[in-house]
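Peer 1: Residues per chain, in single letters:
Protein chains: 2
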Amino acid sequence: MKLATLPNGTPDGTLVVVSRDLQRCMPATPVAATLQDALERWEKAEPKLRELAARVEAGAGEPFDPSRALAPLPRAWQWLDGSVYDSHSHLMQKLFKMAPVVHERPLMYQGVSDTFLSSTEDVPLPSEEHGIDFEGEFGIIVDQVPMGLTPEQAVGHIRLLVQINDWSLRTFAPIEMKTGFGWINAKPPCSVAPVAVTPDELGEHWRNCRVALPLEVRWNGKQFGQADGYQMGFGFHELIAHAARTRRLVAGTIIGSGTVSNENYREVGSSCIAERRAIEALDQGEPATSYMHFGDRVRMEATLPDGSPLFGPVDQRVVKAATAAAR
Amino acid sequence: MKLATLPNGTPDGTLVVVSRDLQRCMPATPVAATLQDALERWEKAEPKLRELAARVEAGAGEPFDPSRALAPLPRAWQWLDGSVYDSHSHLMQKLFKMAPVVHERPLMYQGVSDTFLSSTEDVPLPSEEHGIDFEGEFGIIVDQVPMGLTPEQAVGHIRLLVQINDWSLRTFAPIEMKTGFGWINAKPPCSVAPVAVTPDELGEHWRNCRVALPLEVRWNGKQFGQADGYQMGFGFHELIAHAARTRRLVAGTIIGSGTVSNENYREVGSSCIAERRAIEALDQGEPATSYMHFGDRVRMEATLPDGSPLFGPVDQRVVKAATAAAR
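For the record, the sequence lines run as chains A and B. Residues 7 to 333, numbered by the numbering used here, are exactly what the first sequence covers, in order. Residues 7 to 333, numbered by the numbering used here, are exactly what the second sequence covers, in order.
Heads up, some of the hints might be wrong.
Claimed, not checked - In silico DSSO-like pairs for lysine-lysine, Cα to Cα no more than 27 Å straight-line:
#1 B:Lys-100 with A:Lys-184
#2 A:Lys-184 with A:Lys-100
#3 A:Lys-184 with A:Lys-103
#4 B:Lys-100 with A:Lys-103
#5 A:Lys-103 with B:Lys-103
#6 A:Lys-184 with A:Lys-50
#7 A:Lys-228 with A:Lys-100
#8 B:Lys-184 with B:Lys-103
#9 A:Lys-184 with B:Lys-103
#10 B:Lys-103 with A:Lys-100
#11 B:Lys-103 with B:Lys-50
#12 A:Lys-100 with B:Lys-184
#13 B:Lys-184 with A:Lys-103
#14 B:Lys-228 with B:Lys-100
#15 B:Lys-54 with B:Lys-184
#16 B:Lys-184 with A:Lys-184
Just so you know, the hints here were simulated from the structure itself, not pulled from any lab data. Quick caveat, the model's predicted, so the values are computed rather than measured.
Modelling step: build the complete structure from the supplied sequences, incorporating the hints.
Peer 2: Laid out in structure tokens, this is it:
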């Protein structure tokens, strides 16, 4: 099943059920007004949403335009982002000259969740001097998760998969990391691809609670990376259990994988510029690729191997924010 | 003006206007159903809420029981906690053997905001082995704040003041800090005193965007600390500007001061156990005071010098959580 959120003038939009080919949709209003609403009573809502999905698949509904959709959850009560691709962590440690972190536990931070940008809207940022970077990720959305559950118990709470661009401002990253407090300035709101899908939509490409599909990243129209999502050091079920160790997770909590990255990065490329800069530093002594400029565009999409769509693309520009004051 | 939120079976409760002496209240429903609702259109709502406050002050309304109130915002879209008392930072660095942090920028992390506990409910935590600690803080609630504003522009966005107990699990703190990613396991949901007040309620005790009042902390009935809130290295207006450097802040964002702490900590005591343990380590070579046990009670309250109430007390027990699985 595939779900999306269309704009209706309210912060949470209107939930729609989308056809597999992303060509048609039908309002889910008879079942749930918003995706948050559906997630809060998922066990009851899901079978009814699947009935609507079958009708859309049979040709009912209206045309769906992914570029018009909001983020599936335009705001969420919690956004926890992991960083569990070892090749990404190793490259970041080299780039930022950080001490290596031992991965007995998944790396995870809590980020801004009051705003998730749509896949096509301009991304307003204050300055090119901040080292504007994209980060292609996969993510999950859970229903309510009790405190203290095991990874095995967590599997059933993975209700939806999403594809995320976690915008990052690299000049702040090492400064904020050194405090130990995590990121505020380095992590403005993320963008999310238009369609959230249930795990069964991936078939054999959802394995060990990982997305076993390449994430194709294009920067200003040029191929940048196509790393596969499978090489997570911890699966999403383990990320849930880690997050829920001392807190419950409310329905609608989104958990990210961190930047998708593969050990053979010289062949498959990267899902963020910082990683390419780290590879350049390794190979040539210093980074060569600049971070993004205003007007630059990034496109990210993971499809099934036959090219059939899943999440739809993220495809958008960064622009200078109209700030309230010059800083 | 003083505001509180009473339970009504919904996650956000019912907003009430409370008398100065915390004895009476009146539903704010004609103006705003919830505090979040009021904050989203504060400029229009505030004058009408003040009219209701005048009527409550004149004897209208019904009895108010602070112990029944929820947190003023039982959930919020964003919780950003500073740590800007230098004496606290110095003591924590000694206790956790962390490198000193240079304070050109305020320390701040993003914490769980989907749940704020009331001032009297039991606090469910998984294990005494996690180093259960309280942290007495002051905080502010803002209306919508644009990205990139100056500290001076931020002053007017400080709409309400609150008093917070930021529960902390100390065994996770240094482990998570070393990752640079901030805290997930170390920071379960906070508790908040029952009443949020407009800054004018503090009179001359609201100075330089700081709460110039002692926070009285009692642990199992015994005096533990009465540090004054004034010694912040950065004022709340500076914390807002820092947080909003690369993001807007949605209405209802809560920003905390971090553990209230004073340079003369040997005289005034502390607002968390970790700090006392650090002082013991300095004075006697090792910490002597244990962290909290299940059944322990902590009470925190800041009043005006004549004893008249402001926020009401936080006064609650920690208990063992009914976890979904033994870990």
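Peer 1: Take the hints in turn and mark each one as holding or not.
Peer 2: Here is what the structure says about each hint:
no.	hint	result
1	B:Lys-100 with A:Lys-184	holds, 17 Å
2	A:Lys-184 with A:Lys-100	holds, 15 Å
3	A:Lys-184 with A:Lys-103	holds, 11 Å
4	B:Lys-100 with A:Lys-103	holds, 25 Å
5	A:Lys-103 with B:Lys-103	holds, 21 Å
6	A:Lys-184 with A:Lys-50	violated, 45 Å
7	A:Lys-228 with A:Lys-100	holds, 26 Å
8	B:Lys-184 with B:Lys-103	holds, 11 Å
9	A:Lys-184 with B:Lys-103	holds, 14 Å
10	B:Lys-103 with A:Lys-100	holds, 25 Å
11	B:Lys-103 with B:Lys-50	violated, 50 Å
12	A:Lys-100 with B:Lys-184	holds, 17 Å
13	B:Lys-184 with A:Lys-103	holds, 14 Å
14	B:Lys-228 with B:Lys-100	holds, 26 Å
15	B:Lys-54 with B:Lys-184	violated, 48 Å
16	B:Lys-184 with A:Lys-184	holds, 9 Å
Violation of the numbered hints given earlier is confined to hints 6, 11 and 15; the remaining hints are satisfied by the structure.
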